[in-house]
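Student: Whole structure, please, built from the sequences with the hints as guidance.
As a plain string of letters, each chain reads:
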Amino acid sequence: MNSLEARNLKLSAGQLSLDVPHLRFKQGKSCCVVGRSGSGKSLLAAALSGLPVPGMAMTGDVCLNGSPADGPLWKDHVFVLPQEPALALNPTMPVGKQLAEVFRWRSDHACSCRSPGAISAEIGLDQDDLKKIPGQLSGGMQQRIMIAMALVARASFVIADEPTKGLDDGNKKRIIDLFGRFRTSGRGLIVITHDLEVASALADDIIVLGDGHIAEQGLASQVLTNPRSEATRELICNAPQNWPTAPATPQKPHCPVVRLEDVTFGYRRTTPILSEATIEIDGGEIVGLLGPSGSGKSTFGDLCLALQKPQSGIVQWFGSNLNSALIRKRRTKFQKLFQNPVTSFPPNLVLRDVFDKLTPQSADANIKDELMSRLGLTDDLLLRRPDQVSGGELQRLAIIRVLLAQPSFLVCDEPSSRLDMSVQRLAIDVIAEYSSQYSSAVLLISHNETVLRKRANRVFEISHEGRLSLKSYD
Amino acid sequence: MTLAALLARKALLILTITLLVASCSFWAVHLLPENIAMQIAAARFSGTEPNQQLAEVVSQSYGLDRPILVQYADWLAGTLKLDFGVSLVTGRDVVQDIAHHGQNSLRTVFWGFIAGVALAVPTGYVCARFAGSHLDTVLTVFSAAISTIPSFLVAIVMVQLFVVELGLATLSGTSGWARLWVLVLTIALSISGLLSRVVRTAVIDVRLQPFMLHALIRGVPERELFWRHGLKNALRPVLNYLPVVFMFLIYDVIVIETVFNYHGLGWALINAVKALDVPLMQGLVLALVLFYLCCTTLSDLLTWRIYRHKAS
Amino acid sequence: MKHFFLAAAVTGAVISLTAAPGHAGPADDTIRIASPWKIGALIPSASTALSRTGVVETLTMPTTDGEIVGLLAESWIPNDTLTEWRFKIRSGVSFHDGSPLTAETVAANLTKFQEQSSLRTAPVTNIAFEGDEVVVKLDRPYSILPAVLADWNTGIVSAANLTDETGDSVAGTGPFSVTDASDPTMLKLSANDDYWGKKATISKVEYLFVPDAQARQAMAQAGEVEFAFSLPVTATKMLASADSVQVQIQAIPRVRALKLNGGLAPLDEVAVRQAISYAIDRKGIASSIVGNPDTAASQLFPASLPAWHDTSLEPFSHDPAKAAELLASAGFTKGDDGILIRDGDRFEIEMRTYDSRPELPVIGVAIQSMLKEVGIEVTMKQGDWTVISDGHTDGTLEAGIVSDSFVYVPDPIGALSENFYKSGGFWGSMNWNNDEFDALVETYQRTVDPEKLAQLRTDMVAMIHEEHPMVTVTWYDDVHAVSNNVSNFTFDVYERDFGLNRLTWAE
Amino acid sequence: MSHVSEARRPWKLGIVLTLLFVMTATFGPLLYAVDPNAQNLLSVLSPPGAQYPLGTDQLGRDVLARLLHGARYSAGIAIAVVVFSIALGCILAGIAQWSGGMISTSLVMFSDAVYALPGLLVTLLLADVLGGGAMVIVFLLWIVAWPEYFRLSYSVGQQIVKSDHVLASRLAGASGGRIFRLQVLPVILPYLLSLGAISVGRIVLAIATLGFLGVGIAPPQAEWGMMINDLRVYWQISPIQLAAPVIAIVWVVLALLILSQSMPTTKPGLN
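Chains as they are written, first to last, in my numbering: chain A, 1 to 474; chain B, 1 to 312; chain C, 1 to 507; chain D, 1 to 271.
Derived from the structure by calculation, the hints contain no laboratory data.
Nothing here was measured: the structure is a model prediction, and the numbers come from that model.
Possibly wrong hints are sitting among the right ones.
What the hints assert, rightly or not - So the derived label-pair ranges between C-beta atoms look like this:
hint: 1; chain 1: C; residue 1: ILE339; chain 2: B; residue 2: LYS81; range: 47 to 53 angstroms
hint: 2; chain 1: B; residue 1: LEU161; chain 2: A; residue 2: LYS97; range: 45 to 51 angstroms
hint: 3; chain 1: D; residue 1: GLN159; chain 2: B; residue 2: ARG129; range: 29 to 35 angstroms
hint: 4; chain 1: B; residue 1: THR2; chain 2: D; residue 2: LEU189; range: 33 to 39 angstroms
hint: 5; chain 1: D; residue 1: ASN40; chain 2: C; residue 2: ASN485; range: 38 to 44 angstroms
Said to hold, decoys possible - A few chain B residues facing chain D, derived, Cβ under 8 angstroms:
hint: 6; residue: THR16
hint: 7; residue: ALA28
hint: 8; residue: ALA144
hint: 9; residue: ILE149
hint: 10; residue: PRO150
hint: 11; residue: PHE152
hint: 12; residue: ILE156
hint: 13; residue: MET247
hint: 14; residue: VAL255
hint: 15; residue: ILE270
hint: 16; residue: LEU288
To be verified - Covered stretches of chain A, as calculated for chain D (at least 3 residues, CB under 8 angstroms):
hint: 17; region: 325 to 335
hint: 18; region: 344 to 356
A virtual CB, placed ideally from N, CA and C, is assigned to each residue, including glycine.
Tutor: Next up, the structure:
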């Protein structure tokens, strides 16, 4: 039985550093490395596999079966599943051919699968999919192809770096199921993730990383139920399933802020991505919107914000039909919080300029300072450009910017789903609080059902056919 | 994009441009101060001193006395039928002259292009493979220098060196290799400068792509890596750059042929320009433009063929 | 799809490889000529190449000392009043296409090309044939008709060539026949074995149109051509090191001049033209650009034509002050930018020139600067020689730097009557009408008494010298390169025949 | 969106070379106040010396003076063309962006058509017929140069306009002008300037080529290509006089090439 060991590893790259006195991974076990973003998870993965990371400095040893490895392990003993499968696949070669490469050059003789066709059937792809190039496959499918490669490849360990990043619940579940096969095939599995759901579903052991060191390690069941370190506790309490349920909104006089009636929309006439949707969103209410990726959730938000014109149907703000005068008058009261805080700030401007020149000036000058201090931000951040500020800070600034407009209706399009849970929670909590305080309506878009259940008053779901339906959780 | 759509698009573009060039030359001529009928008369009855009477005869036989819009429509129609009329200098059919000179030009352009690519691609690849080395620096400086020096200068130097000093090439005859190789080399040099830089960048870019590393993870041997995974991806920016190469080819045809006294389209164009032989000029310009468009269409088709998966 | 590209590539390769024959060399008995003069339409009157290479011949020709002798005409006699001339056509001559030379063909030729050749300057009323004689009738006495018929543009082609306007071939009677004229830039000739006169010893000739002087020079230097004509003066220095080729410089009766449109104000004023003449530094141009100070013109005709060169005339001089004075008295005042103004009109002219004689554009720029100094703004336009002839024809030419021979018609009166008679010609004056001068020309053309002729010459030359219908700049040294491989070459000062049939290869 | 070239190393060299050129073109003729057209037929093709630092040409004109004035002429035309092209390209791109629909499509098609024309050919054809002169050359080069800037600003602009941060500003009620000034222009400008730098080099080359071919530029204008063409006959006698304009051309084009590579470059994806 093989083992993978890290001894006296000291890793650093840029701002990040990680200090690992000793870690041991065994074949046949799966181990999850969890931690907030910035805790050095990816550095550990790189060090273990031996893959080059630009700017990384490393001291200490990585040992295979007790003796220091005499070459990078990724070539023979470790198979690495990348964070972004889209970047790891050759964009011009059919995926089947790329899968066949593993059979040709790195196939595991112990593996029962003898052909790309057979393995692809196992992971739920058909022959036609194999003839496609990566750009024609969805993110989930690409990740499954990568897993198929890992299943076939000759390796004692598989290291997966954030394998569920950006995937919706359905795909996530599928990936987790497939990961189970690594254990059954007798390989060791090391999964880097910030998602405790994934960790609890997969892990035998859990390693929790705090700022630059190992905060806690042990059996998954123990660590997750009985955390000993602060870092673990924080992670657990920020996981959506552990969020406190929001108090039910007191029913207010019925006055829909936004109302859609029989709205149909599609970029091509023949295939509507939204058909005959009817919804009313009241002030002070948080409405959740759920749906698989690509199902038109964002488009629905844009329709509510009058950024798109419906093909048919009626959109109303405050009970009156939309027209350009109304839009102009109410524009700043209908806001949107974007998925990625980095793209929602102009990259060339200092943040102060964004707040001074491109943000509605609120009547109350103190609001900004108040929000800043509540979200733990200092004024000197405003002198920087967006790329000089961390993602979490930028997300908080984005929230402040949106709230300064004092919107009556706010669309939150998967806010910070690419950041870690603590930031996500903070974002959603602040918005929920604002919503109840100023009784403004919020449309919360997410592919994470747990988040919506915890925070939304009502949850709607968009199906692939573009049907909107109310989900009940009784 | 489907093949049909691509071809339709290209056809439309070619049509538009043909009309654009034809219109330009028509209006430029008809806004000229000189009397076109007189000019034609002078050319047709070379050596004489045509008078107004003769000019009127010409005017009538060429239909120059009709309303200008009718003439314009006729001109466009003629252009679309590739009928450019008769050269004012030789009295021959312009199409006949274009065919004659075009054959000469095609020969040099074809081999010049092949040689240029054959020169640029290995150079660029070697530079990229050994990026940062002295070899790379030397080759990069050399190709940058080549691309900065105007091609007429390269041509002058080549003539002095190979024709006059070494006597390895000639300036007369149209098809013998003694004549052609130095022309081909000059064209090749002049297009290879920038092309090799593009190849270099493309290869370096591709080699830095994460999927190259992951191909190694899949076990692809390092010696096969670039050919299996890099080539097709590195080719794309190079193919995208080809229209620029063709543009340079066209300019080279004009300048280099003039210096080498090679009787191709470019040489003929410069002489037609000097003689103000408008029908020949417009025919030659259009021939060159169409040749350029055919080249870009071919390269687009090639791109489409290689990357058609991507578009669907 | 793959096949499509393959097919395209193969087609390209095949077209490019259908290479015609390799490069011809002296070894294959071929004389090659690099010439700045384009071949043009294959008509004797339009293409100097045809007569110079010996494809077509004229009725008469000059000997080296200027006497007119018969070529295709065996003999000729005028009537007493010199208004009817009978040319007896040489017998036993046939065209390259096999048809015999007859008086009928000759008459048809002369009639057809009358307006396009030097014949237009003769007062011809009728051209007919009688038996083996061609009869030319004139409406006034005309003594120089035989000389006129020696001009290269009166060459005779076969009857078949007269029918179509522009053919791909031409059949003359000369020592060389055209074998291939499909390339508009090249004429391939071979020796005519049935030639009636001295047959050529060299079997093939290639006449190459090479417009670029630098390329002609390079070709001569590389030994690619046996002859390169009209080279820059510096060629002597540049080719000094080449041992296979010699640069020859030969004074010929030719002039470089500034042609002025006399119909255009203010160039229509004698004083203005005189001022322009005074402004030009002929010595400077002759010594620095032409490379021979002796070619600076002191009057229209060079000393090599002693009958026409009048030593008593006051030579042209360079005197910008005088020029300014003349212009001032003509009513011009200098504007702020140094350019003369009269009645609100700036004195600006467009000057055209061409580069088949490579020094002309350089002289043009020199003159441009000299005229600028006296306040005349000149813009330059450079093309080939048709910019002059076309501009003269359609009247748009304002000024031009030109070069013309006095002896295309071997008697300089031909050049005078072509260039200055009745509003001028391509290479002479333009819109300069002087009845007195025209009368002198007409008188000269019917006079046979040598003394009277001498007086008339003096009068005509003096008139041109005074009025400057065209401003003479320099006389002419022709610069050409001749390979050491050939011998027996003499440059024909009449520029009508390269004399290729006399050439032999050097031992 | 952008493909930033990796060759940023020698940018200082590019700036220095370019600055030197600009200074030379601007102040050179003032400091070395010799008439570039003054001819001295007594000293033609004289070698460099005290009186003529770079010697004289075939008409005895001072080569240094002609070189300096040639710099001014080429640079003047090239910069004028680039400035006009940027202006026209941006305005039309703005119109296309703003109006959308048919107008946008036809503008894009038209610019594609003009872009597909080999510019120098058109310039040759029309410069000959329209007669030369600096204004005509500027006009003709402008006519063929603008589509490049149109394509660039259209494609970059489209990506910016569709971006989240512009949408955020629109939702925040910022006016179109303000968004353009703060968010669009500062992003597009470096791309335009980078392309402009290359273009200036290319136009200097194009002008030299026109001068060499003797089309569109009339003597006695001091122009580098024409100087080369005039002097190449005398290359054995006066090599320095010939080398001077050659080096000048290479200098400018190289300087601008290096300069443009130190700025972001982009391949507009409009195919």
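Student: Checking hints one by one. Is B/ILE149 an interface residue toward chain D, by the C-beta closer than 8 angstroms rule?
Tutor: holds, 6 angstroms
Student: With a cut-off of 8 angstroms on the beta carbons, see whether B/ILE156 makes it to chain D.
Tutor: holds, 6 angstroms
Student: Is the distance from the Cβ of D/ASN40 to the Cβ of C/ASN485 consistent with 38 to 44 angstroms?
Tutor: holds, 41 angstroms
Student: Does B/ALA144 meet its interface restraint, that is, does its C-beta lie within less than 8 angstroms of any C-beta in chain D?
Tutor: Because about 7 angstroms separates B/ALA144 from the closest Cβ in chain D, which is inside the 8 angstroms limit, the hint holds.
Student: Mind checking the CB of B/ALA28 against every CB in chain D and telling me if the closest is under 8 angstroms?
Tutor: It holds, given that the least Cβ distance between B/ALA28 and chain D is near 4 angstroms, below 8 angstroms.
Student: Min Cβ distance, B/ILE270 to chain D: is it shorter than 8 angstroms?
Tutor: holds, 6 angstroms
Student: Any CB of chain D closer than 8 angstroms to the CB of B/VAL255?
Tutor: holds, 6 angstroms
Student: Would you settle whether the hint for B/MET247 is holds or violated, based on the nearest Cβ-Cβ distance to chain D being less than 8 angstroms?
Tutor: holds, 5 angstroms
Student: That 45 to 51 angstroms hint for B/LEU161 and A/LYS97 (C-beta), does it hold up?
Tutor: holds, 50 angstroms
Student: Was the hint right that B/LEU288 lines chain D, CB cutoff 8 angstroms?
Tutor: holds, 6 angstroms
Student: So is the region 325 to 335 of chain A in contact with chain D by the C-beta rule, three or more residues under 8 angstroms, or is the coverage claim wrong?
Tutor: Contact hint for the region 325 to 335 of chain A vs chain D: holds, 4 residues under 8 angstroms.
Student: So, as I understand it, the hint says B/PHE152 touches chain D; can you test that by seeing if any CB pair is closer than 8 angstroms?
Tutor: Where the cut-off is 8 angstroms and the nearest Cβ of chain D is about 5 angstroms from B/PHE152, the hint holds.
Checked against the numbered hints listed earlier, the structure breaks none of them; every hint is satisfied.
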